[in-house]
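Colleague: Once you've looked at the hints, dock chains B, H and X against the given chain S.
What follows is the residue order along each chain.
Protein chains: 4
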Amino acid sequence: MSVQVTVWNEFRHEKKNEAVKKLYPEGIHKIIADHLNKQEGIEARLAALDDPEHGLTEEVLANTDVLFWWGHAAHGEVQDEIVDRVQKRVLEGMGLIVLHSGHFSKIFKRMLGTNCSLKWREAAEKERLWNLEPGHPITEGIGEYIELANTEMYGERFDIPTPDKLIFVSWFEGGEVFRSGCVWERGHGRIFYFRPGHETYPIYHNAEVMQVLTNAARWAAPRITMADKCPNVPEPLEPISEKDVDFGKAGIVQG
Amino acid sequence: MSVQVTVWNEFRHEKKNEAVKKLYPEGIHKIIADHLNKQEGIEARLAALDDPEHGLTEEVLANTDVLFWWGHAAHGEVQDEIVDRVQKRVLEGMGLIVLHSGHFSKIFKRMLGTNCSLKWREAAEKERLWNLEPGHPITEGIGEYIELANTEMYGERFDIPTPDKLIFVSWFEGGEVFRSGCVWERGHGRIFYFRPGHETYPIYHNAEVMQVLTNAARWAAPRITMADKCPNVPEPLEPISEKDVDFGKAGIVQG
Amino acid sequence: MSVQVTVWNEFRHEKKNEAVKKLYPEGIHKIIADHLNKQEGIEARLAALDDPEHGLTEEVLANTDVLFWWGHAAHGEVQDEIVDRVQKRVLEGMGLIVLHSGHFSKIFKRMLGTNCSLKWREAAEKERLWNLEPGHPITEGIGEYIELANTEMYGERFDIPTPDKLIFVSWFEGGEVFRSGCVWERGHGRIFYFRPGHETYPIYHNAEVMQVLTNAARWAAPRITMADKCPNVPEPLEPISEKDVDFGKAGIVQG
Amino acid sequence: MSVQVTVWNEFRHEKKNEAVKKLYPEGIHKIIADHLNKQEGIEARLAALDDPEHGLTEEVLANTDVLFWWGHAAHGEVQDEIVDRVQKRVLEGMGLIVLHSGHFSKIFKRMLGTNCSLKWREAAEKERLWNLEPGHPITEGIGEYIELANTEMYGERFDIPTPDKLIFVSWFEGGEVFRSGCVWERGHGRIFYFRPGHETYPIYHNAEVMQVLTNAARWAAPRITMADKCPNVPEPLEPISEKDVDFGKAGIVQG
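Residue numbers (this note's numbering), protein chains in the order written: chain S, 1 to 255; chain B, 256 to 510; chain H, 511 to 765; chain X, 766 to 1020.
Accuracy of the hints is not assured; some may be wrong.
[What the hints assert, rightly or not] The calculated lysine-lysine pairs, modelled on DSS-like cross-linking and capped at a C-alpha distance of 25 Å, are:
| hint | chain 1 | residue 1 | chain 2 | residue 2 |
| --- | --- | --- | --- | --- |
| 1 | H | K525 | H | K540 |
| 2 | H | K531 | X | K884 |
| 3 | B | K343 | S | K88 |
| 4 | H | K753 | B | K420 |
| 5 | X | K1008 | H | K532 |
| 6 | X | K853 | H | K753 |
| 7 | B | K484 | X | K930 |
| 8 | B | K420 | H | K675 |
| 9 | X | K853 | B | K420 |
| 10 | S | K165 | X | K884 |
| 11 | H | K629 | X | K853 |
[Said to hold, decoys possible] Stretch by stretch, here's where chain B covers chain S in the computed footprint (C-beta under 8 Å, at least three residues):
| hint | segment |
| --- | --- |
| 12 | 159–166 |
| 13 | 237–246 |
Just so you know, the hints here were simulated from the structure itself, not pulled from any lab data. These numbers come from a predicted model, not from an experiment. Even for Gly, the Cβ is constructed at its ideal location relative to N, Cα and C.
Looking at chain S on its own, in the form it has when it is part of the complex (with noise of 0.2 Å):
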């Protein structure tokens, strides 16, 4: 069966900044999800800030595998009963990519638990991007390293906990380095953070980096849905020897 891939984008500056609109006239959501849909077992579809609840409700993220998030300038607007929505489905077991800018996205922090912040510079520089895994799933086809001519730079330190595995590791032109490609897993899910991406420059025309996003849907994959619980299991395994103490009850009923 095909992995089903939701490409969340905030979608506000191909709307409103002419040199975005130029690369991106349909949205960031739309070039990413075309290329998923020609690739073999993969459906994209697509889901927006604007859209009711967000494009994510119940129903879309029940059907969702993979969810990729790219948002920049309103981070704010996300509502927080979305994010809680997201993050269950994330702990059940659903995949989530997270994009460039998306750093600061109150569901990468939320599932983190950390500041995420950087350091950044817009100088339209070179970044090569070092391969460190080349036996993970995330970087089959890539070579040694991914070059690009022209990004915005994300500097370390970045405010992450120590990723399960740092797949690429990134080099600026302008002296800085950065943990661009990290894996984590959190509940039965996958999340993998990609820094390429800012809405300015052409990554997402650059055929590897589409390559490595194509990867990460396959590999984001679940592997089992579980749903939460917390379960009171009052017989036990094995016996329980007599206890000569009683100790009262209290427990939350009491609370």
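Modeller: Chains B, H and X in isolation, oriented as in the chain S frame:
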């Protein structure tokens, strides 16, 4: 200088429930703080849910190196604004020690990003906490295991991110196991979860449990305290070559 | 293409000891390989200590995707040269599944760098392996736990590097716990240690144990195979500014 | 009590090569030990490849809290027996600080289990080591980065197990990046790899590099020292129920 500890307690059971009142007449936080205050180089004070701002004012937190957290039945009454405040401080460097049923507190779930759910049973059964890291500062003075005659059972699967280090694993009489001592770093702060501690068993009258809490207070004290920032650094450290393309500008200002 | 598995066995107990011979008349490796050969997409063959080059010639290893390792009483008889050869292949991408008393094999200690010591007791006691990662490929088809009526006990502290992921934790009737399923990545290869397997208990007649081994064979198959190299790259990717100092040369040539 | 440091050096370049001799007339180990001996609470002594038992007798190691290791051109001359001895001590709790070309030393590869290979270039280029963990004891007193005007380049992929914590990432003028400061725990010992240090550049004349070495000596001092054991514990902690099966005995005695 002394490690400044604030011991936070929901402090409801001890007022309403005879069994709990008998064990902890002045509250679980009081017995912990009293113990810590007898240790060299530690000063502990109290805070509780029903204090103004839950006892966790900006000033209190600014003067807290390590925060202990015990909650059970009223997690939902902790205001989100105070959770934000505590999270910010942990990321700046403050230590956080989460006890027992605090696994379901807002602050613990916030820091870790997962459900923090588990299995549980109240049957006064025996628990043996195996010490996996005899060289870790948290287990100083602790032998191969700590044995508790009567405890509430917590069983796996505990829905947490893989700990940086697994310190204790519990064996339960009734047949379960649990990752009972776990450490993580988030931002510049250190987090320790320690499982023992149910309100109707005399856990905080156990000398080895108290030794672990003392050790944890010392271990979690900040090594550094840094406010978060996400700076624009327009001046590169290295010269950036001339670019022959004009990409225009987008950025948050136009968002 | 099928996953090519080689099941390596010390294969001494089965010849000398009546109890073991009865359980595994053709050897522990044979029962495992037979099981794997019944699974879709897996082809398994045998190798043993007393074969020429321990059955692990360059050719065999070059055609092995995943190597299973069972040893117990003759770890010291495995030649260092063969250990070097296996290590090299694991670092190139071959999977390695180490079973039970293989914790003390040269190859396991070589890959991990630690003593891999533990506590042990032969008392035919009950073991329950709790499944901490129901979403991991290794636990596919396994429920909350695997129960074994009679096993040798292995207890903590198990002297291993912190696993990348802890898959199973065992509860033992006699009071101990153990990290019974652990995964690591080294080089491009994946390593899985799986505790059950003593030669005098019918562990490899248990369907769930065999399911884990099947899953592990699939999971550990190489995602990539790369020979090691440590290249000099005299040509920089970016221009290096003129330096006004002459440092002379040292380097290995003069060593 | 003072931290007892032994600084081990291959100590060959300094005798044979004029460029190296000029920078380090008494050896790289001497300049490091002299610096450490000026710090409060540290006592450092020297050891070298051509000393009897490479200067690492049982007695020396028994009195060493932290061992520094610098080697380059003669890794193969270090006797395996001495490597065994050092490994044993690290697993018991001794700290190990591996410098620069020590990445290819027998002891480093032994502790980590991987090839520890990398890319390299000698072009006297600029390096900037970004400090990812300003709260870690190893970076005390170090700012956002350390800049070195002229260094040998080491580039990714560095074939190491994922570090427990990544402390420094280097940017190189020629276009590469490198994980230049990494920590791991093995057994009860702490390991720190620190990249800077080529013999023809004045790296150990740099105050910030020396500050890192001082910090590392303090951080890696043992928290505990424990000999390895793998005990049989025939007496269970909990009663084991009667078993109605006789499994016979195998075990190492009959192997």
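Colleague: None of the hints should be skipped; say for each whether it holds.
Modeller: Quick rundown of the hints versus the structure:
1. Using a Cα cut-off of 25 Å, the hinted pair H:K525 and H:K540 holds, with the two alpha carbons roughly 13 Å apart.
2. At most 25 Å may separate the alpha-carbon atoms for a hinted pair to count; H:K531 and X:K884 exceed this at roughly 52 Å.
3. As the CA atoms of B:K343 and S:K88 are separated by approximately 23 Å, the hinted pair is consistent with the 25 Å bound.
4. For the suggested pair H:K753 and B:K420, the alpha carbons sit about 45 Å apart, so the restraint of at most 25 Å is broken.
5. Only pairs whose Cα atoms come within 25 Å are accepted, and X:K1008 paired with H:K532 is accepted, the gap being roughly 19 Å.
6. Taking the CA atoms of X:K853 and H:K753, the gap is near 44 Å; set against the 25 Å cutoff, the hint is violated.
7. Between the alpha carbons of B:K484 and X:K930 the distance comes to roughly 22 Å, so the proposed pair stays at or under 25 Å and holds.
8. Between B:K420 and H:K675, the direct Cα distance comes to roughly 11 Å. Compliance with the 25 Å bound is thereby established for this hinted pair.
9. Taking the CA atoms of X:K853 and B:K420, the gap is about 22 Å. The hint holds against a cut of 25 Å.
10. Simply put, S:K165 and X:K884 have alpha-carbon atoms about 21 Å apart, close enough for the 25 Å limit, and the pair holds.
11. Note on H:K629 and X:K853: the hinted pairing holds, with a Cα-Cα distance of about 19 Å set against a maximum of 25 Å.
12. Here the segment 159–166 of chain S counts 4 residues with a CB under 8 Å from a CB of chain B, which clears the bar of 3, and the coverage holds.
13. Coverage of the segment 237–246 of chain S by chain B holds [criterion: at least 3 residues with CB-CB distance below 8 Å; count 6].
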